[in-house]
Amino acid sequence: MANISRRQLLRTGLAATAMITATRCARSEAPVGTPNNPATGPQVNTNQIKDVTLRFIGTGVSQINEVKKKAEEDLGFKLNMRALSTEQNNQIAITQPGQYDIFDGEYFSLPLVIPSGNLQAIDIKRITNYDKIVPFFTSGKFNGMPVEQSQGTAPYKVQYLTGADSKEFSSTPTDYATMIPFQYNADTLGYRPDLVGRKIESWAELFNPEFKGKTSILDIPQIGIMDAAMVAEAAGLMKFGDKGNMTREEIDQITNILIERKKDGQFRAFWKTFDESVNLMSSGEVVLESMWSPAVTAVKAKGLQCVYAPLKEGYRGWGGGIGLSKNLSGVSLDAAYDYMNWMLDGWVGAFLGRQGYYSAAPETAQKFMKPEEWSFWYEGKVASTDMVDPFGKTLEKQGAKRDGGSFEERFGNIVVWNSTMKENTYLVQKWNEFIAS
Amino acid sequence: MICLRSIDRPKTDRHPYNLTLSTLPKTNTHISPIHSPPIYPSTHPPIHSMSRLTKTLTPYLLAAPQTLVFLLFLVFPIVLIFIVSFWQFNGYSMTPAFTTDNYMAIFTSKVSFLTYLNTFKYVLLVWFFCLAIAFPVAYFLAFCIESQAVQIALFLICTIPFWTSNIIRMISWIPLLGKEGLVNQFLINLGVINAPLEFLLYSDFAIVLAMVHLFTFFMIAPIFNSMMRIDRNLIAAARDMGASGFEVLKEVILPLTAPGIAIGSIFVVTLVMGEFVTVQLMGGGQSASVGKLIQTQIGSLQYPLAAANAVILLIVTLILVAAILRVVDIRKEL
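Taken in order, these protein sequences are the chains called W and S. Heads up: the first sequence runs through residues 162 to 598, numbered per the working numbering. Heads up: the second sequence runs through residues -5 to 328, numbered per the working numbering.
Some hints here could point you the wrong way.
[Said to hold, decoys possible] According to the in silico footprint, chain S covers these stretches of chain W (three or more CB under 8 Å from chain S):
# : segment
1 : 324 to 333
2 : 414 to 420
3 : 425 to 434
4 : 506 to 517
[Stated by the list, open to error] Simulated crosslink set (DSSO-like; lysine-lysine; CA at most 27 Å straight-line):
#  : chain 1 : residue 1 : chain 2 : residue 2
5  : W       : K424      : S       : K49
6  : W       : K433      : S       : K49
7  : W       : K424      : S       : K244
8  : S       : K173      : W       : K461
9  : W       : K463      : S       : K115
10 : S       : K244      : W       : K433
11 : S       : K104      : W       : K424
Hints in this document: simulated from the structure, not taken from any laboratory. Every residue, glycine too, gets a C-beta built ideally from N, C-alpha and C.
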């Protein structure tokens, strides 16, 4: 230590100061593209985008490696995907905004996520295929079918913000979107025809004593309550003003009905995750339960019969899309817009279509699907060849028909959507009572 | 097991205070006399008081790192949970305000009461069956096996279930106990039953079974440990005095094993009190425990309510542990 002379110390100090000053000057604080730090040219921008990594959070349904690989190939930047449960996804979106760039979530989560201020408005003018999105999302219209009057958190109700920095939903279209949709489906009850022995045509069957000890409902309060409401209404047990926004009295009444049924031994189990529902059905523990479309496919893939029943009362819908984190800016934000445009370009839509989901922009997806795939998945026609999913597994044999028919028949008949109600806290409390009773 | 045997030292050595003094501060007390010439303490008080100061401070300094870790990772989170339990919340955010609503909601709710009762039921059943299985197993290992090598081997066999994750072990019960599972098929093929037994899976039976399966070892290990440290001469003496096998068990082994049973009970009780995965998987989501209640509340972003529940759960668990410690004085035997 003593060997360091004062001169040396001075010299080192000066050099260090010079270096810091130099780097400080070179690295301008202003974002790229602003007057203080102009973008130097397209060449530089493409190079910069290579270094971008967009961090996604989303449910397992959409965090798929094949999509990630294709997007990275086509777009030139990196994606980092995290598959979470619906609950975790909402939790992180609301409480840990620094953890993600892209929120890949469901529309029914938006009444919780938007007020947290963690998402930024999407500028619709920058979305090239926005007009190709199914009008139900963008204008609430769909050929005058029941879906136009559907209850619950219908995507259209939470699609627009009143302004660029707003945390309030606009009831009429604006230039500022909360999310850009990419997949959605019409959910219903699934059953094992070999064990049930007849056709299931009404939600009411879930409470039919014939299936005592052999039914199941999903244990996610915001979704389970909607299924329960469909069943109670179909069975004539009670009526709702708005199933998507129940009053406390209605919540009390429906949970009491559920508790009664549970005490009678109607249910075999409740499920929380996708694989639980598949296991319940494929092991024969239950013969009729609330299900998700890919779960039905997974049961079928095990060589068992499983029907995704078209029910006369209609479907419960859900929609998923991606929203932008407040933290995104500059090149990363550009990359995020690139991704959204790519998402609506058709490749992803076709990929999802082959799994039985619907693409937000069916028109573009069609270009990437074989005609026989299109006519099976979207037009509800008989499969002229075996239907193979994007992972190479045969989902449907030649000659099969999609449960519930065409896109219009299924999607148009959504009467209620997964929903976050005003009385959400109360609902969760009552739902816990039902589970604990 | 070698370690378990090596603990058999005179009691004074095992006292924590003695341990610190005899092992660690040696350096100070021994080095200082060498460096400083042998002078009477009264003539040079500063040196002496310094060494005395270090002597007094050393144990505290040595304990400091662990205390810090303990404060940071245990006390601080609990304090935070305690604070949050008084906050207000809506669907998407919590507000730092003081409200007792969360506690009121829990104390006035019939559901929380029933859920606690249900949890106690699991605790009692699981504790009972764990003890009923662990005691004979530990007894067999400690007293019936002569060779130490065989003892070690058998003890290790008890740990084999821990080589896979809890969840995998639980899921493996499902194909065994299900309606179309192995047990039901076997019974139907034998003609014992006509229809599958439904209570085997997705029931309290399944929950208790899985938890006993998961937690018995936590009972075996401490009981075995206590038994290994029983002086064999005591048993020989009892026999010489004409005690029967049962009397030896009752008068000698059981009292001397009590601390082991207490430690095992603390493990089992605390584990079952906080359990939610087994309750979800084996109960098919139809049964509730306090842990599962908290999980559901967290899932619905009701953090303050979940925090209030966690605080109550912690207090109840501590009361249970205190009750166990009142019955058996663990320290006497450690």
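Structure-based check of all given hints:
Figure legend: the segment 324 to 333 of chain W, annotated as covered by chain S; annotation inconsistent (0 residues with Cβ-Cβ distances under 8 Å, at least 3 required). Under a criterion of three residues with beta carbons nearer than 8 Å to beta carbons of chain S, the stated coverage of the segment 414 to 420 of chain W fails, only 0 such residues being counted. Given a C-beta distance limit of less than 8 Å, the hint that chain S covers the segment 425 to 434 of chain W holds, as 6 residues qualify and 3 suffice. Check result for the segment 506 to 517 of chain W against chain S: violated, 0 residues qualifying (beta carbon to beta carbon below 8 Å, three or more required).
Proposed proximity of W:K424 and S:K49 is contradicted: the alpha carbons are some 68 Å apart, above 27 Å. At most 27 Å may separate the alpha-carbon atoms for a hinted pair to count; W:K433 and S:K49 exceed this at roughly 59 Å. Distance hint between W:K424 and S:K244 is unfulfilled; the C-alpha atoms sit about 45 Å from each other, more than 27 Å. Pair hint S:K173 plus W:K461 holds up; C-alpha atoms about 20 Å apart against a cutoff of 27 Å.
A threshold of 27 Å between alpha carbons decides the hint, and for W:K463 with S:K115 the separation of about 38 Å lies outside it, so the pair is violated. Restraint check for S:K244 and W:K433: not satisfied, since their Cα atoms lie roughly 48 Å apart, outside the 27 Å limit. About 16 Å separates the Cα atoms of S:K104 and W:K424, which keeps this hinted pair within 27 Å; it holds.
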